[in-house]
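Undergrad: Given next are the chains, with one letter for each unit.
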Amino acid sequence: MKKCFTVLAIFLMVLTALPAWCDTVPISDATRDCLDCHESIHPGIVEDWKRSRHALITPKKAMTEKGLSLKVSSKDVPKEYLDVAVGCAECHTGRSKSHSDTFNHNEYDVHTVVSPEDCATCHSQEVKQYSENIMSYAFTNLDSNLLYQDLQHSILGKPAIKGGELVLEQASVETREEACYYCHGTKIEVKGSETRDTDMGEMDFPVLAGWPNQGVGRINPDGSRGSCAACHTRHVFSMEMARKPYTCKECHVGPDVPAYKVYTSSKHGNIFSSLEKNWNFSNVPWTIGKDFQAPTCAACHISLVTNTDGEVVAERTHTMSNRLSWRIFGLIYAHPQPKDPDTTKIRNKSNLPLPTDFDGGFASNYLINKDEMAKRTQTMQGICAACHSDSWVKGHWARYENTIKETNEKTLVATQIMQQIWDAGYAKGPALGKSPFDDAIEKKWSDIWLFYANTTRFASAMAGGGDYGVFADGRYHINQGIMELKDWLDIRNSISPRPEVPSSEAKKKSAEKASEGKNDQ
Amino acid sequence: MKKCFTVLAIFLMVLTALPAWCDTVPISDATRDCLDCHESIHPGIVEDWKRSRHALITPKKAMTEKGLSLKVSSKDVPKEYLDVAVGCAECHTGRSKSHSDTFNHNEYDVHTVVSPEDCATCHSQEVKQYSENIMSYAFTNLDSNLLYQDLQHSILGKPAIKGGELVLEQASVETREEACYYCHGTKIEVKGSETRDTDMGEMDFPVLAGWPNQGVGRINPDGSRGSCAACHTRHVFSMEMARKPYTCKECHVGPDVPAYKVYTSSKHGNIFSSLEKNWNFSNVPWTIGKDFQAPTCAACHISLVTNTDGEVVAERTHTMSNRLSWRIFGLIYAHPQPKDPDTTKIRNKSNLPLPTDFDGGFASNYLINKDEMAKRTQTMQGICAACHSDSWVKGHWARYENTIKETNEKTLVATQIMQQIWDAGYAKGPALGKSPFDDAIEKKWSDIWLFYANTTRFASAMAGGGDYGVFADGRYHINQGIMELKDWLDIRNSISPRPEVPSSEAKKKSAEKASEGKNDQ
Amino acid sequence: MKKCFTVLAIFLMVLTALPAWCDTVPISDATRDCLDCHESIHPGIVEDWKRSRHALITPKKAMTEKGLSLKVSSKDVPKEYLDVAVGCAECHTGRSKSHSDTFNHNEYDVHTVVSPEDCATCHSQEVKQYSENIMSYAFTNLDSNLLYQDLQHSILGKPAIKGGELVLEQASVETREEACYYCHGTKIEVKGSETRDTDMGEMDFPVLAGWPNQGVGRINPDGSRGSCAACHTRHVFSMEMARKPYTCKECHVGPDVPAYKVYTSSKHGNIFSSLEKNWNFSNVPWTIGKDFQAPTCAACHISLVTNTDGEVVAERTHTMSNRLSWRIFGLIYAHPQPKDPDTTKIRNKSNLPLPTDFDGGFASNYLINKDEMAKRTQTMQGICAACHSDSWVKGHWARYENTIKETNEKTLVATQIMQQIWDAGYAKGPALGKSPFDDAIEKKWSDIWLFYANTTRFASAMAGGGDYGVFADGRYHINQGIMELKDWLDIRNSISPRPEVPSSEAKKKSAEKASEGKNDQ
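Chains as they are written, first to last, in our numbering: chain A, 27 to 547; chain B, 27 to 547; chain C, 27 to 547.
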């Protein structure tokens with residue numbers, strides 16, 4: 027009969043809650059002014075906002091939630107925000123002096139680009155955590171790393187035939203913004219202003235470079251890093267969406283980071299796809315077994331999750347890497363997580379800005395140590411333990427560690443063959459101060475570590491075994507790639523009179539040149 | 027308190043509507059006769075139909091809907107249809123003289139293949155629009171274009187080794203119907219009749235070639251083009267299904283047209299996947315923000331969408347291309363949309379039935395001009411503007427236009443290398459009157475423009491950036507493909523004593539021959 | 027008004043059912059003891075179990091269901107199980123003498139790995155059927171077939187450069203368990219025991235090799251084959267999940283067996299994706315049109331499906347292959363289904379453990395004959411007929427049979443070119459007693475039959491035509507692969523002084539050696 031009471035109780039709770047829900051939340055005069063026009067001009071985002079928690083509760087009321095269900099982590103929310111809905115004006119006119127894109131719009135100081143620092147007004151703890159997340163440096167870590175710029179150039183650059191040779195010219199700004207920086211984030215800068223003819227007559231607006239963008243490492247006009255809307259889609263900003271894997275899929279679909287594809291083919295993903303319609307994606311804290319029956323990306327990497335006794339299984343973190351021991355995204359080998367989210371400082375033993383050496387060693391000074399790795403492993407395993415026995419978890423982990431070792435070893439063999447190709451002069455590599463990424467055969471080499479080794483590791487990490495660990499960009503393709511590298515070398519050896527190979531002296535000089543980061547682009 | 031009233035109002039509306047819903051809709055005697063047997067024989071489709079709007083409302087009643095909620099666009103629905111459900115007999119026995127597949131079935135003149143002209147009985151406007159849609163010519167445009175037949179032959183043809191050479195023999199009819207024509211549509215023709223032993227005893231049925239098929243450009247036994255069931259799946263024929271991206275996925279999954287994959291990895295697709303369970307996919311008109319929170323394929327390309335004030339944002343169109351300026355499906359370059367849905371008339375400057383020249387020019391006489399492009403762009407941008415600011419839309423568009431230019435330029439470089447390979451005689455191309463698609467190295471070239479350039483453009487068009495614009499058949503693969511083309515040429519140059527190259531005179535003649543469309547298959 | 031009565035009737039039924047649902051189901055003392063700790067330690071699985079039918083009904087009550095709605099197929103369920111929920115103890119302590127992993131756990135004889143034989147306590151018929159399913163032999167059929175071990179070794183083996191040659195060293199146990207055996211199943215063996223420090227103090231547990239695993243052909247510590255949890259995910263063990271395609275996706279995503287990808291791009295998959303939220307996935311029997319509107323994997327291959335008159339359209343089978351005439355997974359050609367689930371006995375005419383000859387013949391003695399094929403085809407077509415006319419089904423089938431023939435013929439041409447390469451000595455193949463899978467060019471050959479021919483056949487079988495039959499690992503790639511094989515051979519012929527080719531005598535000897543299964547690994 028216990029269940030009957032539960033049903034009755036829920037019913038009564040709903041009845042009791044109704045009046046509260048029917049209470050309207052006051053809207054500030056400024057937001058009212060925004061809505062007066064934008065409700066008609068931009069109905070989509072206004073309707074989204076109306077469904078959002080921001081529209082349905084005031085910060086003051088939200089702050090009455092304490093303990094694990096706390097959602098507003100700032101203690102010092104400005105007084106003028108406390109008793110109104112968090113509306114257009116609250117986000118787009120606050121901290122106006124800090125934003126270089128602030129402009130006068132119907133007598134309000136409005137800025138287009140809402141930054142994490144704006145969100146920190148109420149959610150300071152999450153923003154602080156996120157600032158320590160390597161994702162917040164996604165722009166900088168790509169844009170200020172000469173070696174990664176080499177790789178980017180080989181992918182985005184404009185091919186041209188010059189003097190019978192294939193060369194790559196600089197990609198346009200638009201191409202770069204739409205490609206790598208779509209996910210990594212752009213740098214948004216005010217380039218001037220323009221007058222536009224609008225429904226309300228002529229108006230002035232700032233001209234923004236790098237806009238639109240919602241990348242995780244976006245450099246905002248107030249100098250801050252990141253965009254909360256990358257995961258908490260504007261203008262509903264919900265936990266629901268951020269907790270579902272579709273959000274992560276935007277940037278993690280593969281083949282370089284096939285998290286989504288592997289997840290949805292795993293047992294966890296199967297459970298999610300089949301049963302998620304019955305789950306609660308909005309409860310805080312998020313209770314294992316009650317609210318959800320299998321982890322999504324967020325459950326393992328971010329969310330505050332509790333057991334059915336209300337005990338914390340894992341604390342909420344917007345740093346994310348603090349549940350991760352290994353970085354399984356090969357650069358060019360899987361390696362311990364970097365200590366610092368700013369990875370531009372890293373130098374390997376060849377003085378390249380890379381967390382591993384071409385011969386498989388780790389740039390250990392810049393990476394977390396074994397103790398820290400063990401600690402993070404324990405945090406993650408604590409989540410597994412809510413559904414799995416110790417022997418299950420240990421067994422899974424042994425395979426995962428084996429896969430990291432295995433794929434790194436295979437990457438090493440691929441790199442050794444690549445080195446032979448460079449040594450033979452069939453392609454121009456780092457020893458000549460040239461990009462190791464811009465020849466056809468170098469791309470075959472990068473296929474191996476960037477796509478196939480990564481895919482194999484993601485399959486292992488998420489127990490998504492099956493096809494992604496074998497036939498779908500997995501081990502089949504690692505070995506095929508290595509065989510093809512060797513086959514290409516053998517064919518070249520059969521036909522080519524060896525091109526002039528630089529003397530040891532010249533080689534050494536080139537290496538020095540390379541190590542100064544003076545790669546030719 | 028406003029919300030409480032809304033809830034109350036909805037409740038009352040439901041109560042009021044109930045009696046109407048409980049009214050049974052009369053079924054014609056003929057349909058009753060059909061159902062008497064087929065309810066047992068084909069329960070699946072009968073149950074589908076029972077759930078359909080066709081079964082739940084009479085045309086007369088449907089015609090009382092006016093203005094934006096109008097669903098029956100014909101003004102002259104025949105009297106005998108007005109007061110009965112649109113059942114088996116209404117669709118399968120109407121216009122019986124026009125259908126060459128009409129046969130006597132229990133004293134009824136029944137035809138198997140229901141055509142758009144049948145649907146036009148009630149939905150004349152949609153059928154007329156669709157007849158101007160390039161999709162309605164999908165069979166003809168493929169089947170009657172010698173160059174595309176060359177491409178098709180290189181894909182479907184049966185390889186054989188003859189005299190040490192690899193040749194391609196004609197694919198079987200079944201292969202062609204199942205492959206390209208599955209989506210493009212088959213030509214359905216009556217090939218005779220047969221007697222079958224059925225549950226009801228021996229009966230005669232027509233034998234249909236090209237059946238089954240629901241391709242968008244199907245040639246029907248009444249001579250009409252297309253199949254409404256391609257998108258409005260029989261026998262529910264719902265707007266709901268047609269408005270969801272799963273329907274489009276049947277033919278647009280990739281890598282040549284990866285619309286579905288890109289969409290579901292975009293922000294729009296993320297919102298759809300996460301929140302669609304709460305949306306209304308049946309309302310007409312379809313209100314932005316209220317009925318749905320992010321566009322599906324249909325919202326941008328087809329549906330009548332309105333804002334929350336009830337104003338039209340975009341008119342319904344079954345022509346679809348009239349919201350499109352560019353055709354991003356490369357043939358072999360992206361190009362302005364064709365003027366006419368019948369593209370068999372197009373000739374480029376080499377007199378090939380191709381909307382672009384091999385050197386990147388456009389067959390402009392056959393394509394829409396800049397004014398028309400601007401007009402269509404404006405229509406599409408009007409939809410974006412319901413959720414996005416002007417600077418957002420303009421910024422997105424600048425990148426999109428850049429990507430078209432960029433991928434076309436890269437395709438040109440690939441084609442220049444391919445031309446060198448043809449010139450060197452390492453593969454036999456158009457200058458010799460040969461198919462440009464049937465050598466290994468030609469397939470590597472077509473990978474570039476058919477898969478990678480297209481994928482990159484779809485990623486750009488839908489702001490699906492991330493992996494599809496870079497690592498998943500995107501820019502990484504464009505440049506890799508170009509490098510591999512060049513590498514192959516270099517290897518060939520190293521090893522091959524040049525085969526006899528045709529003299530300029532011979533070349534010219536071959537070109538002429540090719541231009542007459544006399545390609546060898 | 028009939029519908030109104032239906033609504034009323036449903037409402038009354040719900041009211042009537044409520045008290046029954048609120049009845050609590052007794053839990054055995056042993057299970058109560060388990061729950062006392064594990065409810066806190068493993069909340070996820072306990073909550074799953076609470077939602078399961080196992081927790082909500084006693085076997086005795088379930089056994090009152092007769093006829094088509096029968097779920098407990100055993101007639102002799104032990105008395106002590108009849109009146110309690112099927113809880114932790116019922117599955118994990120039963121048949122304790124049979125399980126070599128049984129250990130003393132708080133005075134209970136507990137085994138970790140629940141096997142099909144345990145499930146047979148109540149579900150004997152399903153377990154018997156499954157034991158005749160080729161999937162139950164998935165471990166053995168891979169592990170005890172020397173040729174397949176060759177293929178596995180070429181994929182999982184560790185590449186190394188030795189004496190300038192690329193060799194493959196044995197893969198680690200962990201790699202094998204995580205890769206192929208993730209789906210095929212591992213062999214679980216007790217390797218000893220260990221003492222662990224738990225929340226409840228020090229406790230002893232068995233150490234299991236091959237754990238965790240839920241593969242379909244798992245060898246359990248009681249000697250039985252398979253894991254019901256592969257499809258009926260622990261600990262909800264629902265029909266709902268097993269009936270949805272997400273479960274099958276875990277092992278059938280591609281490119282070798284792209285069932286899921288093809289299905290979701292087919293009309294059936296489109297209907298499922300769009301409308302499944304309204305379907306009933308738990309009803310037994312499963313009624314076409316009422317419970318579901320388009321087949322999922324289970325509907326065609328496993329489930330008991332009935333028409334709306336309650337007549338059986340297809341009997342439930344856990345053997346699965348008994349609705350299948352062809353095995354479209356090429357080894358290396360598509361072929362009639364094997365007679366016996368144990369395929370290790372099969373020998374082709376070259377005495378290789380392969381169901382087809384390299385020249386395309388079938389090892390017919392080991393495969394079902396034409397009569398059996400016809401019978402199985404009829405069973406499957408009976409399901410199609412619930413929604414499709416005879417001419418539709420026959421038309422579809424003709425294309426499907428054509429595709430099997432077509433793809434087998436294309437595989438033959440690829441194999442003929444591969445044979446020329448072996449004959450020329452450019453790769454070492456079976457005639458030299460070497461693996462046919464471990465050279466770069468051999469991998470290109472296996473791409474053709476393992477990925478592209480399979481994908482094309484899956485597209486055909488499920489009428490998923492479109493991209494998977496053409497551009498997405500389909501016919502485009504079959505022909506491209508064949509062209510590239512030939513191109514590679516041509517380049518080799520141009521450059522290579524032919525390596526020493528073994529004399530006919532030597533060849534013969536090697537062939538004999540190969541036929542003894544003495545392949546070098």
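For the record, the hints were derived by calculation from the structure and aren't laboratory data. Treat the hints loosely; a few may be bogus.
Unchecked claim - Simulated pairs of lysine-lysine, DSBU-like, Cα-Cα distance not exceeding 30 Å: (1) B:76 x C:316; (2) B:316 x B:401; (3) B:316 x A:87; (4) C:303 x B:303; (5) B:184 x B:213; (6) B:97 x C:303; (7) B:454 x A:184; (8) A:316 x B:217; (9) A:97 x B:184; (10) B:76 x A:188; (11) A:213 x B:431; (12) A:431 x C:217; (13) C:76 x C:87; (14) C:316 x A:396; (15) C:184 x A:76; (16) C:184 x B:217; (17) A:184 x B:97; (18) A:184 x B:123; (19) B:154 x B:188; (20) C:213 x A:420; (21) A:76 x B:401; (22) B:123 x C:184; (23) B:188 x C:154; (24) B:303 x C:123; (25) B:184 x C:375; (26) B:316 x C:303; (27) B:316 x B:420; (28) C:454 x A:303; (29) A:420 x A:92; (30) A:454 x C:188; (31) A:375 x C:431.
Predicted model, so just to flag it, every value in this text is computed and none were measured.
Undergrad: When the structure is checked against the list of hints, which entries are broken? Sort them ascending.
TA: 8, 9, 10, 14, 15, 16, 17, 18, 19, 21, 22, 23, 24, 28, 29, 31
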